[in-house]
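These protein sequence lines map, in sequence, to chains A and B. Converting from the first sequence to the numbering used here requires adding 364 to each position, the first position being numbered 1. Converting from the second sequence to the numbering used here requires adding 21 to each position, the first position being numbered 1.
Mixed in with the good hints, there may be bad ones.
Said to hold, decoys possible - Once the Cα atoms are required to be at most 16 Å apart in a straight line, the calculated EDC-like pairs of lysine to aspartate or glutamate come out as:
1. B:Lys125 x A:Asp488
2. A:Lys450 x B:Glu150
3. B:Lys214 x B:Asp191
4. B:Lys246 x B:Asp231
5. B:Lys182 x B:Glu144
6. B:Lys174 x B:Asp199
None of these hints come from the bench; they were simulated from the model. Note that this is a predicted model, so its numbers are computed, not measured.
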Amino acid sequence: MDDLRTISRMLTKNKTLLLFLILLHFNLASNAQEVDTSTSRHQVLIEAGGSGGYGSLNYEYLLKEVKSLTFSARIGLSTYHLSDYKNTVNPDVIMPLAIYAYYGNQHHIDLGIGQTLSSVVYADGSMYEPSRTVQFHTNLSLGYRYQNNEGGMVYKVAYAPIIENNSSLRNWASFSVGYAFKKKKI
Amino acid sequence: MKRQLLICSLAFVFFSCQKDNFTITNLNGGKITVLGHAGMGIGNTYPMNSYESILKCLNTGAQGSEMDVQLTKDSVLVAYHSRDLSDNTNLSGIVHAFTWAELKSAYYTSTPYLRYSILSLDELFSNIENLHDYVFTFDCKLFTQENATTYKKTYINSIAKIIDRYDLADNVYLESQDTDFLLRLKQKNQSFKLFIYPSSYDNGLSKALDLGLYGITISTDDITKEQVEEAHRNNLHIALWNTHSKRRNKEAVDKSPDFIQTDRVAHLVKMLE
Chain A
365 MDDLRTISRM
375 LTKNKTLLLF
385 LILLHFNLAS
395 NAQEVDTSTS
405 RHQVLIEAGG
415 SGGYGSLNYE
425 YLLKEVKSLT
435 FSARIGLSTY
445 HLSDYKNTVN
455 PDVIMPLAIY
465 AYYGNQHHID
475 LGIGQTLSSV
485 VYADGSMYEP
495 SRTVQFHTNL
505 SLGYRYQNNE
515 GGMVYKVAYA
525 PIIENNSSLR
535 NWASFSVGYA
545 FKKKKI
Chain B
22 MKRQLLICSL
32 AFVFFSCQKD
42 NFTITNLNGG
52 KITVLGHAGM
62 GIGNTYPMNS
72 YESILKCLNT
82 GAQGSEMDVQ
92 LTKDSVLVAY
102 HSRDLSDNTN
112 LSGIVHAFTW
122 AELKSAYYTS
132 TPYLRYSILS
142 LDELFSNIEN
152 LHDYVFTFDC
162 KLFTQENATT
172 YKKTYINSIA
182 KIIDRYDLAD
192 NVYLESQDTD
202 FLLRLKQKNQ
212 SFKLFIYPSS
222 YDNGLSKALD
232 LGLYGITIST
242 DDITKEQVEE
252 AHRNNLHIAL
262 WNTHSKRRNK
272 EAVDKSPDFI
282 QTDRVAHLVK
292 MLE
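Okay, chain A solo, but in the shape it has when bound (with noise of 0.2 Å):
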């Protein structure tokens, strides 16, 4: 409970991912009824480095296809550990979630820009118990996405600076392979 409180909090002062999510819903909701598109909607990926630190398993969405230039949400799962200090399992929760533009047929540049949720545990500082801290962090990304429109696999190389409680940053790299689901037509 009081996490959820925290991440309500945090998402009244984040407006960057309030914003996603917003848009995110609004574009989700418009899209509800569409079932053609030129591109597939659906992928996974998995990613070294990157928004979930040193890797995370990927679900991207679609969003809108204007030409060339394809906007898509993506929400992953990574974690440090799956158990504490003291060795209950209690994971570290890392999650992040991006939006994406990418330009080009086969041969994409790619942008993107998220916010991450990271639920980690640490002992507190006074009376070092295992202790969940829910903090959130902003992902940028820059660059080469290959992808087929009719689907298949998916790679990605990137620039992926994180800024760490939206203060800090830290340069980073990314690595992604991936599957986009072959386009279904009705």
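Let chain A serve as the given structure and place chain B on it in line with the hints.
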């Protein structure tokens, strides 16, 4: 074909489940004390010397942990490895340039999103349950820009105080590369268990014998099984480090040391069970 595959799989399972058998002859009654290398060791996502890393190590089944110890400007002993804080924290400069209050708010920056704190030895020892069930090696790092003699005296007094405060005389081993520092420690308290951390085995052996030390801490790469036996014949304990893989853990165990400061804690604990 299926049968051959089945036999191969069964053989693989059998051999991978087979327990390693070691005959250990040392000064520790045939038992090797498993210590974490600054907690869970190099390459772990818990930063070395952090509270979380050391506690994880103890909760994984190690008998204790080695830790790098430095002195703050206000004479507090903290667990930190590098000469400069900028190596892996948000501060820069040597530990001795900061007070504990200033260091307490610092955090490790080695891994994205993770902000573990720098640990004082007081914080550690006051928060370990059954503290006296464990042993600790202090790798004394002497980094100062001030008068070395005064610094060493203050450092040694701080060590003596913390050992007294937590009644850890039987649980703490002290290691250093500095023979003058070891000599001063010995003068402070004859019962301190002192290890030299030498540049080579031969150098370590002669200095340990000259100074009447408890043992030698050395990389497993720099000592042979025969040299471990020689040290044991001279009543010197051997602590090995630089075991950052399962293979190296096994090689180190084969040499029958008295202590191993490992980077693969879980593996070594399981192997020696």
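Status of the hints after comparison with the structure:
Proposed proximity of Lys125 of chain B and Asp488 of chain A is supported: the alpha carbons are some 13 Å apart, at most 16 Å. Taking the CA atoms of Lys450 of chain A and Glu150 of chain B, the gap is near 12 Å; set against the 16 Å cutoff, the hint holds. Only pairs whose Cα atoms come within 16 Å are accepted, and Lys214 of chain B paired with Asp191 of chain B is accepted, the gap being roughly 8 Å. Only pairs whose Cα atoms come within 16 Å are accepted, and Lys246 of chain B paired with Asp231 of chain B is rejected, the gap being roughly 22 Å.
Annotation: proposed proximity of Lys182 of chain B to Glu144 of chain B holds, straight-line Cα distance about 14 Å (limit 16 Å). Among the hinted pairs, Lys174 of chain B with Asp199 of chain B is consistent with the structure: their alpha-carbon atoms are about 13 Å apart, no more than 16 Å.
Hint compliance for this structure: hint 4 is the single one not met.
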